[in-house]
Every structure is written in structure tokens, then in C-alpha cells.
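J.: One-letter residues, chain by chain:
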Amino acid sequence: MMLLFSYLIFPGFLFSACAGLFAGWIDRKITARLQWRVGPPWHQNFTDVIKLLGKEIIVPEGSKGAFLLSPYFGLLSASLVAAILGNSLRLSMESFNGDVIVVLYLLVIPAIAVIVGASSSANPLASVGVSREMKMVMAYELPFILAVISVVIKCGGNIRLSSILNHQAIFGSHLLSFSGILAFITSMLCIQAKLGIVPFDASEADQEIMSGVLIEYSGLPLAIFKLTKAVLLYTLPVFLIVLFWGKDITVPALLGKYLTILAIIILIKNTNPRLRIDQALRFFWGPVTLVALLAVILAIFGI
Amino acid sequence: MGIKLKALTRSIWVFHVSNGSCNNCDIETLDCFTPRFDVERFGIQLVGSVRHADVILIAGAMNRKSVPRMKQIYVQAPKPCLVVACGICACSQHMFKDSYNVVEPLDKILPVDLYIPGCPPKPEAIISGIVKLVAKIRSKG
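As you go down the protein sequences, you meet chains A and B in turn.
Residues 23 to 325 in our numbering are what the first sequence lists, from first letter to last.
Residues 128 to 268 in our numbering are what the second sequence lists, from first letter to last.
Since the hints were derived computationally from the structure, they do not count as laboratory data.
Quick caveat, the model's predicted, so the values are computed rather than measured.
Errors might be hidden in some of the hints.
What the hints assert, rightly or not - In silico lysine to any residue, SDA-like type, Cα no more than 20 Å apart, as pairs: (1) Lys-131(B) <-> Glu-78(A); (2) Lys-198(B) <-> Ile-79(A); (3) Lys-206(B) <-> Val-71(A); (4) Lys-51(A) <-> Arg-168(B); (5) Lys-131(B) <-> Leu-75(A); (6) Lys-198(B) <-> Ile-80(A); (7) Lys-198(B) <-> Glu-78(A); (8) Lys-133(B) <-> Trp-64(A); (9) Lys-51(A) <-> Val-174(B); (10) Lys-206(B) <-> Lys-51(A).
Between the sequences and the hints, there should be enough to build the whole structure, so can you do that?
T.: Now the structure itself:
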């Protein structure tokens, strides 16, 4: 019962979706203010999702069953990550050995759900988006995992979220060390790509390929993809806080840290144009991976 | 009136079709999204795919080439979906009434919910048209 509650309501699906939708509003509002516009009201993203629930669901001719199934898998795994992270922050006893690896695996599934769903929609523009999304996943996973490895090395090989938090509570946040700050910068760029936000939104480019991977989705499945995005917008910054910035985990401190990371994401979004997919690939496998490797080497030497 | 319909009036996603228009209406439509008018205040967004659309905004007189395509686009849109004729060409064919290439007015082909006259209509006119559209949805629901 308790497990179901923590998965479905707090800190799992319902809480993380609401927090993510609200964070999405902050993003839209700040973007609008930066462009000298007024911006949407606070309930805008909730309204969008409720509206999508009332629209017709169109299944294109020639699509497979995975078209309607895959959005659910993305949302299920994203909210599972939210539940694991929230519980390890709230009650450290709930955390289990190896949950860092579980979280890393589950964070890939939303991207895979997008790939499977869009490629089963039999749309040529969607397949262009799929190929870009696949390249993007391959590009950002390598530096992201290297950044996580550097944290694990700093904690003496612990692959448990609560031990990582304990280690930071005793020795101070990883962000304050050289390897920690390098790994943090790397993973900031990686979560930008994971969230599919500008400059790494080539797979959903509205202006070129008409929302790419989401082109055939309407109604409920589209709402679920929006919710998945929202849950990830809550989950990924919280994951970074747990890994790098976990000394003080009282509620006001967490809120402040979350808003700081959100502000960095919005800042990157509003100051950069969209990168072509080959530029993004070169960027992630070149400089970003080198920085992540440097972070791992420094972590081995304990700096 | 259901909560979903009420949400529809607060978050209208527009799919913008240029249907052989002279581009003036398109420019004025895009002006609505600029800082001066900013219709994102009301949750109005331009979308790239017709599957996400709540409103199909059509500019230009329908010609022989665009009629079958326009019908196809309307079938592809998820219902409830509204059709807005933007500009006098889309409303009434205007000066192309006797043209060899223009066969039927738009409202003989698709169920048009809102007419915004003008050549081109000002952004203010488009916004006031959208207000009327929202009132129409509310009175129906």
C-alpha cells in the first residue's frame, strides 16, 4: 500500500508531474519575459494536458500496436525514477544497493519509448526525428555515465543513492571539488539533451520537421508524452542534486537548488540556437566526453 | 460545459495553412505572436503538425490544387477541431471570384466556424475574432 502510494502519488507520478508542469510554466514565462512578452498564466501547462485528454485519438493507417503502448512505458519508467529519487531523499532506509544503475537504465526508457512509438507510426518525418533522437541518445549517454562514474568513484565505489547522500553529508557536496564541478557541468549539458530542450531539440524541431517524433500523436498519447517530459523536467535536476549537491537536503534547500538548476537550463535554452545533429554528436563525443574523462581521472586521484 | 471543453478555450493550438494566399494574411497572423500582441497570454500556440491542432487557420482563396489537400488536412485533424477563414480571400474569394483556377468558396468545402475579413486583417482583428470563437465554443457547450 505504502509502495503504491509512493509510486503513484508522492513522490512518484502525481507529485512529480505537477511539479514538472509547474516548472514547465516557469520556463515558458521566463522565456516570454526575455522576449518582452507577457507569457501564459500559471495553469497553462495543466490546461494543455486536460485539453489533450478531450481530443480524438487518431491512429494512423499502417501503424503497429506499439504506437499506442510506448507512451505509457515512458511515463511509467520516468515516474518510477521520481519515486526512487524522492524516497532516497526522504527516508534513506528505502534506498537499495545498486539503485544508481537502476535509475540510469530507467532514464533511457523514455527516449526509447519515443523512438519505438514514433517509428511505428509509419510517417517519414517521424522517422527522420527517430534517427536524430537515436543519435542524440548515443551522443549524451557516454558522458552522462562517465559523470555518474566519477561520483561513484569519489564515494568509494558505492552504487547506492543513500550512501552517496551520506558521503556528501559527511565530506561536503561533490560540487565543491574539481572533479565534481567538471562532472556537474558535463551532466548539466547531458540533461539538457535528455530533456530535448534547445539547443539539443533536433528530434522535435518544430520548424523543420513539424515536431518530428510527435508528429502523428494526438489526444491522450500526446498528453502522456507531455507528462513524461514534465516528469523528466522534475526528475533529472533532482538526480543531479542527489549526485552532486546533496549536503543539505532540507525542503527549502532542495527547492532552492532545484530552481537554480532550472534557471541554468532555461538560460542555456534562451541563449543558444538549435544545433544540427552532427554538431551535437561531435560536441558530446568531443569536448564533453573529454571533460567527463578528466573528471573520472581526477576522481581516481581523489581531487 | 465540460472541463475539457473549457480547457480547450484556454489552450488553442493553431495549425496555420497558407492556401495559395499572397502571404499578407500569413504575416499578420504571425504578428499576433510577436511581443506587441503576444497571444501566448491566452495559451494560443502555433503547432507544426495538424494532429496537434485545435484550430485550422486558413488564408487565401481555394484553388484547384489546394482543394483536395485542404480536405485531407481537415480529415487528419483530431476532433473537436475548428476552422477559421482568415482574410477576405478565404471568406469570400474576393477579387479571385471569376478566376479560372478558383472553383468554390471555402465554406462550401469545409465547415467554417469563424470569418475574419480584411485584406489583410490586422492582428487586433484576428484577436477579436478569436475572442468571438471562444464565446461561440462556450455558448455551444
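J.: All hints are to be evaluated individually against the structure, with a verdict given for each.
T.: For each hint, the structure was consulted:
Restraint check for Lys-131(B) and Glu-78(A): satisfied, since their Cα atoms lie roughly 12 Å apart, inside the 20 Å limit. This hinted pair checks out: Lys-198(B) and Ile-79(A) have alpha carbons roughly 19 Å apart, not beyond 20 Å. Pair hint Lys-206(B) plus Val-71(A) holds up; C-alpha atoms about 16 Å apart against a cutoff of 20 Å. For the hint pairing Lys-51(A) with Arg-168(B), the CA-to-CA distance comes to about 10 Å; that is within 20 Å, so the pair holds.
Our distance criterion of 20 Å between C-alpha atoms is met by Lys-131(B) and Leu-75(A), whose separation comes to about 7 Å. Simply put, Lys-198(B) and Ile-80(A) have alpha-carbon atoms about 16 Å apart, close enough for the 20 Å limit, and the pair holds. Between Lys-198(B) and Glu-78(A) the CA atoms are separated by roughly 18 Å; this keeps the pair inside 20 Å, and the hint holds. Between Lys-133(B) and Trp-64(A) the alpha-carbon distance is near 16 Å, which keeps this suggested pair within the 20 Å criterion.
Straight-line distance between C-alpha atoms of Lys-51(A) and Val-174(B) comes to about 18 Å, which keeps the hinted pair within the 20 Å bound. Taking the CA atoms of Lys-206(B) and Lys-51(A), the gap is about 29 Å. The hint is violated against a cut of 20 Å.
The structure is inconsistent with hint 10 alone, although it conforms to all the rest.
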